[in-house]
Structure formats: C-alpha cells, structure tokens
Amino acid sequence: MSKSNTLGFGLGLRSEYYHQILEQRPAVDWFEIISENYMVGGGKALYFLDAIKDRYPLVMHGVSLSIGGQHAIDSDYLRQLKALADRVQPRWISDHLCWSRGNAHHLHDLLPQPFTQESLLHVAGRVRLVQDVLQRPLVLENVSAYLQWTTSSMSEAQFLAELSNLTGCELLLDVNNVYVSSRNQGFDAWQFIMALPHERIRQIHLAGHSDYGQYLIDTHDQPIADPVWALYAKTLSYLGPTATLIERDDLFPPLDELLAELEKARTVAAGVFKRAAPCA
Amino acid sequence: MRLSALQTALEAYLLTGNSEASPELLDQIHGSAALPAAQGLMIYHNAYRTRLLSVLREDYPALHRWLGDEPFEQLALAFIAAWPSSHFSLRWLGEKLPKFVSSYVVEPQLTPLLELTELEWAFTLAFDAPDAQPLSLDEMSRFADEDWTSLTVRLHPSVNWLRLQRNTLEIWKAVKAQAEIPESTPLQTPLECLVWRCDLACHYRTLAQPEAEALRLMASGKSFPDLCTTLFDEHGEQAPLLAATWLKQWVSEGLLLRN
Chain A
-16 MSKSNTLGFG LGLRSEYYHQ ILEQRPAVDW FEIISENYMV GGGKALYFLD AIKDRYPLVM
44 HGVSLSIGGQ HAIDSDYLRQ LKALADRVQP RWISDHLCWS RGNAHHLHDL LPQPFTQESL
104 LHVAGRVRLV QDVLQRPLVL ENVSAYLQWT TSSMSEAQFL AELSNLTGCE LLLDVNNVYV
164 SSRNQGFDAW QFIMALPHER IRQIHLAGHS DYGQYLIDTH DQPIADPVWA LYAKTLSYLG
224 PTATLIERDD LFPPLDELLA ELEKARTVAA GVFKRAAPCA
Chain B
27 MRLSALQTAL EAYLLTGNSE ASPELLDQIH GSAALPAAQG LMIYHNAYRT RLLSVLREDY
87 PALHRWLGDE PFEQLALAFI AAWPSSHFSL RWLGEKLPKF VSSYVVEPQL TPLLELTELE
147 WAFTLAFDAP DAQPLSLDEM SRFADEDWTS LTVRLHPSVN WLRLQRNTLE IWKAVKAQAE
207 IPESTPLQTP LECLVWRCDL ACHYRTLAQP EAEALRLMAS GKSFPDLCTT LFDEHGEQAP
267 LLAATWLKQW VSEGLLLRN
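Protein chains in written order, with our numbering: chain A, -16 to 263; chain B, 27 to 285.
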C-alpha cells in the first residue's frame, strides 16, 4: 500500500455540521461518514451526503457488519452497503474487528472478539466474502475493549496482523482505542502498535475518552487526551504520513473546536516529519 | 469455550435485566487490576441499555416528556426486553413501540399513549422516506387540456395518514413548544392528520372530513374529472373550483406525485 495516497486530515461527518460545511467549506481534507446513517430512502441525510461528496473526498465507516459474529453475514446489509458505496465512491470502506449481533438480536455495540485460531479462520472467511461483494479490501479497526477472553491465544495486534496476511484486508488504527484498552487491560500500547503490520495501516482514528480513574471509557465526547496525542506522534514517526481522522459522536462542540483539533493533528504530524527529515 | 458459546453467553448476559454475570461467564474473562471481569461486563451491560434508551428518547421526545423520565424508562426497558432489536440500524429500533404499547398498556392509558407513539413514529418515517419528485405548481401551470382530463396522482412516499381519536396533536404541539401539556381528552369527531416531508423538512396538517375524502379519492387513483364528478352531488357548479383549490393546495404542499 503506497503511503503517497494518504488523504491528509479529516473529520467524521455529523449532521450537526452539515450547513456549516456547505456554507464555509472548512479546511478539512476529507470526511468519514457512518455508513448506516445513509442507508435510508431519502431526506436530509442523503441530500447533504450528495452535496458534500461533490466537494470533499469521503470514506465510509460502518458499525454493523459484525464481521466476527457467529450469524450469517446479513445479505441485506451488504447489499445496502454496496449500493451506498456505488453512490458515494468512497476512497475506502471500513468497519470494526468485533461482533455486534448475537444469535438472535442486534446488540448495537462493538463487542470483543476472542483472539483464537478458530476465531481467526471464521473472521477471515467472512472478510473474504465481504471483499468479494465490495470488490475492494475491507479496512478493519481495533476496538476499545473492557474485557479479554481467557481463551485468546494471541493478542489483538497479532490477530489483526494474521487476518490481514490471510485476507489482504487493511487496518484502521484507532490510537485512542489502543490507549483505552491498554489502560483498562494493563498492556503496553506501544508494543501493540509495533506488532501491527504498518504497511497495512490505511488510516488512523483519534478521539476523546472519559476517565473514570481506575479505567477509561471510549465515549467520543471529549477532546483528544494528551497521552493519546503523544501516542499518535510516536505512531506517525513509525508509520510515516497516514490519513488521520478525528471522531466526535456526542457533546458536539462548535465546528471551530474540531477544526482546531484537526490543526493540532497537522502540527503534530509536521513536527514529527520535520524531525525525521534528513539534514540538507 | 468455543466462539459460538462465548458469543451466546455474552448475548444472554446483555439481554437480561440482571447485570450480575454468571460464574460460567466470569470464568471466560480475564480481569485486570484496573478493570475486574465483573466490572468490565457491567460496562457493556450498561452501555447496551443506555444506547438503546437514548435512541428511543430521540425517536419519542413527546412521549418521553409526557410520561416523565421514570415511566418512560420503564416502558422503554420493558419494550427492549420484550422485543430486542431486530435490525442492524438503530434507526428502526423504535418501529414496534406502538405495537408494544398495544400489548403492554391497558385503557384508559392505552389510546392516548398509542396515538402519541404512532404520531411520533410517523415523523420518523417521514424524515427519511424515499425521495420522489412531487408534482409542482409550475408543472401544473403548463398542463394542456388533456393533462387535466387524464390527471391521476398518488401520495408522496413520505406521507403518513393518521386518524386521531383524541387531542393527541395538541399534546404533541404543547410538548414541542415546551408549554403546559393539556389533559388527554377524546375528540367529538376523529381528526384526519397528515405527516410528510417537503423540501427536507417534516410537516403536519389536519384535514376537515370533506377534504380528507377528496384527497383519499385522488390518492386511490381516481382522475381529477372523477373528483369533480364526485363533488358535484354536494357542491353543484362549485365542484370544479373546489376540486382545483384543494388540488392546488396539495400540490403546493408537495403531497402528490403524478402517475
């Protein structure tokens, strides 16, 4: 995967900012949409999607694929995802390494996968199927986790590396999720990132979390925390320029605040690459 | 434990109202010093309910305010427990709440609650119903004579038609305006109410019975001359004018598609 095709610095597209985006054309390199929000018949969401896709590159990010679930892949969901991709022409399509649907019901959460050989082969088969339908590599994100299965025989990073090796899928590295899980589960965040196949990392996510003292919850309703910025800078020094996206899903601030965070990401990246540049 | 057994166990834990995990499930989980297994599980248990309740509060804001926090939460949790989500998108979570209310609530609360949930869900349906180009006044102004004689229409896909037995619309309006909510009372005659989307915004309007019957006739596929003929019995020579007036209103409101 060539790093030269990085999209730069993007924001999650949320309805709260539709009008401002069209009126002010903010300096955002690209937007990431939540795919499910646009799997509707019509109305406001699709109107603004069409208007914004003519002005900015878009990426699709789903939350319902449930790639790790035991249930059959939802063919209706996949059909709608493909139809949306045909409409949006996204630069890539991502979802999460998790399961969100049980045997009988949708659970609407990014639930942790056991990292076993059985689970790996199960997920790999489903990734191949999805990639065949979408006709492109799927990009999968590491989730924030609040538990680890005792049956796991490898780390999440090893699992993602193996999965990418088996299927050609790419990775969305959520630096905040790595930090949240590392604090909750007591592992080394940097070791996690080092264990990923860096050439497969298509995109980075940054977001805020809530600190409950003993543990953290990935709430996406706060500014990005300082330790996450530090981990991001270290990650960039390892990966090189990588498409970076800031997610905010609640307690929406004025758009200017998110643009300031995006500017901070640019500054962090510029600082990293300036240091890394060879002397003249 | 195999993948399917682990997922079945966690699904069962999340769906039950009891946040205390079974020893069998706890055995499958590594806790940490920061987050013991039981506490980690509880985060997922709480998040499941919090997320679904939040969606129902957004879909049913008037019902929420009318009932108050605790009774709404009680109803919503009973609904989630009885009919967990069956669609990948949370947008459809609240679809069956009116049906659930029918089975869960008894009179005299049933009719007012049911009407309010149906009214609120109609707005959700209208909000993102399929797009379609409505017949416009501009298009109508260019009609030739034969266009008028053959004109048939259907309702825009976003149109939801409700028949209210009570002052539910007044309750809904009071909630939206954050005004004092009136008591629910029966109406002398049922009220026809349309909820639809036009130019990206949701609208609602009540119709007097004659207009409702006329619109129903046109929406059933009858032609404009059929409407004039039907109105003639009661309105005589004024029938074409009345039909044209109503048609112009429906078209200006974006209610109709031309067949």
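A couple of the hints might just be wrong.
[Claimed, not checked] As a list, the in silico EDC-like pairs of lysine to aspartate or glutamate whose alpha-carbon atoms are at most 16 Å apart:
no.	chain 1	residue 1	chain 2	residue 2
1	A	Lys217	A	Asp171
2	A	Lys27	B	Asp157
3	A	Lys27	B	Asp154
4	B	Lys274	B	Asp157
5	A	Lys27	B	Asp225
6	B	Lys202	B	Glu84
7	B	Lys248	B	Glu237
8	B	Lys274	B	Glu237
9	B	Lys122	B	Glu144
These are computed hints drawn from the structure, not numbers from a lab.
All figures in this text were calculated on a predicted structure; none of them were measured in a lab.
We went through each hint and held it up to the structure:
no.: 1; hint: Lys217/A x Asp171/A; result: 13 Å, holds
no.: 2; hint: Lys27/A x Asp157/B; result: 10 Å, holds
no.: 3; hint: Lys27/A x Asp154/B; result: 7 Å, holds
no.: 4; hint: Lys274/B x Asp157/B; result: 21 Å, violated
no.: 5; hint: Lys27/A x Asp225/B; result: 9 Å, holds
no.: 6; hint: Lys202/B x Glu84/B; result: 13 Å, holds
no.: 7; hint: Lys248/B x Glu237/B; result: 15 Å, holds
no.: 8; hint: Lys274/B x Glu237/B; result: 12 Å, holds
no.: 9; hint: Lys122/B x Glu144/B; result: 10 Å, holds
Of the hints listed earlier, the one the structure fails to meet is number 4.
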